[in-house]
Amino acid sequence: MKYPAVWGNNIRHYQRAAATACLMLLLVLLPSTAFPEASSTTSQPVKIAIIIDDIGYNRPAGEHIIKVPGALTYAVIPFTPFAHKLATLANNEQKEVLLHLPMEATVRKKLDTGGLTVNQSKYELKDLVNNSLAAVPHVSGFNNHMGSLLTTDRKAMEWIMEEVASQDLFFIDSVTNPNTIAGKVATEHKIPNLRRDVFLDNKPSEQEIHKAFQLLLSKAKSNGYAIGIAHPHPATIDYLSTRLPTLDPTKVKLVSVSELVESKWASKSPQLSPDRLVHLVASLPAPLRTRFRFDH
Numbered sequence: 001m002k003y004p005a006v007w008g009n010n011i012r013h014y015q016r017a018a019a020t021a022c023l024m025l026l027l028v029l030l031p032s033t034a035f036p037e038a039s040s041t042t043s044q045p046v047k048i049a050i051i052i053d054d055i056g057y058n059r060p061a062g063e064h065i066i067k068v069p070g071a072l073t074y075a076v077i078p079f080t081p082f083a084h085k086l087a088t089l090a091n092n093e094q095k096e097v098l099l100h101l102p103m104e105a106t107v108r109k110k111l112d113t114g115g116l117t118v119n120q121s122k123y124e125l126k127d128l129v130n131n132s133l134a135a136v137p138h139v140s141g142f143n144n145h146m147g148s149l150l151t152t153d154r155k156a157m158e159w160i161m162e163e164v165a166s167q168d169l170f171f172i173d174s175v176t177n178p179n180t181i182a183g184k185v186a187t188e189h190k191i192p193n194l195r196r197d198v199f200l201d202n203k204p205s206e207q208e209i210h211k212a213f214q215l216l217l218s219k220a221k222s223n224g225y226a227i228g229i230a231h232p233h234p235a236t237i238d239y240l241s242t243r244l245p246t247l248d249p250t251k252v253k254l255v256s257v258s259e260l261v262e263s264k265w266a267s268k269s270p271q272l273s274p275d276r277l278v279h280l281v282a283s284l285p286a287p288l289r290t291r292f293r294f295d296h
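The sequence shown begins at 1 in this note's numbering and counts up one residue at a time.
In case anyone wonders, no lab produced these hints; they're calculated from the structure. Bear in mind that the values here come from a model prediction, so they are computed numbers and not experimental data. Each hint should be verified, as a subset may be incorrect.
The calculated lysine to aspartate or glutamate pairs, modelled on EDC-like cross-linking and capped at a C-alpha distance of 16 Å, are [stated by the list, open to error]: (1) Lys-264 <-> Asp-197; (2) Lys-190 <-> Glu-162; (3) Lys-122 <-> Glu-162.
Label-pair ranges, simulated between beta-carbon atoms [what the hints assert, rightly or not]: (4) Tyr-123 <-> Asn-92: 20 to 26 Å; (5) Gln-94 <-> Asn-223: 25 to 31 Å; (6) Ala-266 <-> Glu-188: 15 to 21 Å; (7) His-64 <-> Asp-248: 24 to 30 Å.
Glycine residues also receive a C-beta, built at the ideal position from the N, C-alpha and C atoms.
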């Protein structure tokens, strides 16, 4: 049946209107991260995250450092006397908990209970990983305790990341060996991950901790964020208790490590431009594509 010309004009008009409406709807429904944000002249504060390692052996020190104000993250060693209690306390204080997974070092050093070694079989490693996760409640991710040897062993890291990949966890590489491949293997298994930038208390004195903290801030200013690792030493507890409340929130923001992971990995998602959206519509199956007419 042949329609009058005016009908054709009206149909084309409605097709254009429908296409515009559908595109507008898609733009509204797409996540905000699909499009790059416009540049802003307002400077945002840099972000730092601080992980407190080796939680679980010393209850008073653990309780004391968990009470330090701010969004610190606590890495708990599994199977330690106070692992469960201190992880629960941290969670009750609205603090983040990581599994501090013991791994074999290059130097001869006693490995904690449940530690992972390069000589263990695939099934031994995976079983230990799962048992360790079960031993520490409330974990959102994990990092390595020691591990200067294991984190350079591809086979072992493959097996560990294979087991963790389905468990909705992230990984922080403590970087106990500059040749670590742990983060690379985590990325290959699509596990969100970042790496430690500064050890804050390798020399646990107020003066040395202050130097390391200033280095952490410097790295954050250069990169937009930085991750520090510290331990529940008395000097560290005193320094952080005094220093963290003095941070200018307009310049430096202390955040949980998961917030850094989320923001950094979200920024790696592919961005969708309007031109790309039009291309995607054009590639739709014919029954759907005909609803988006751009040729009139």
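Which numbered hints turn out to be false for this structure? Per hint list: single violation, 4.
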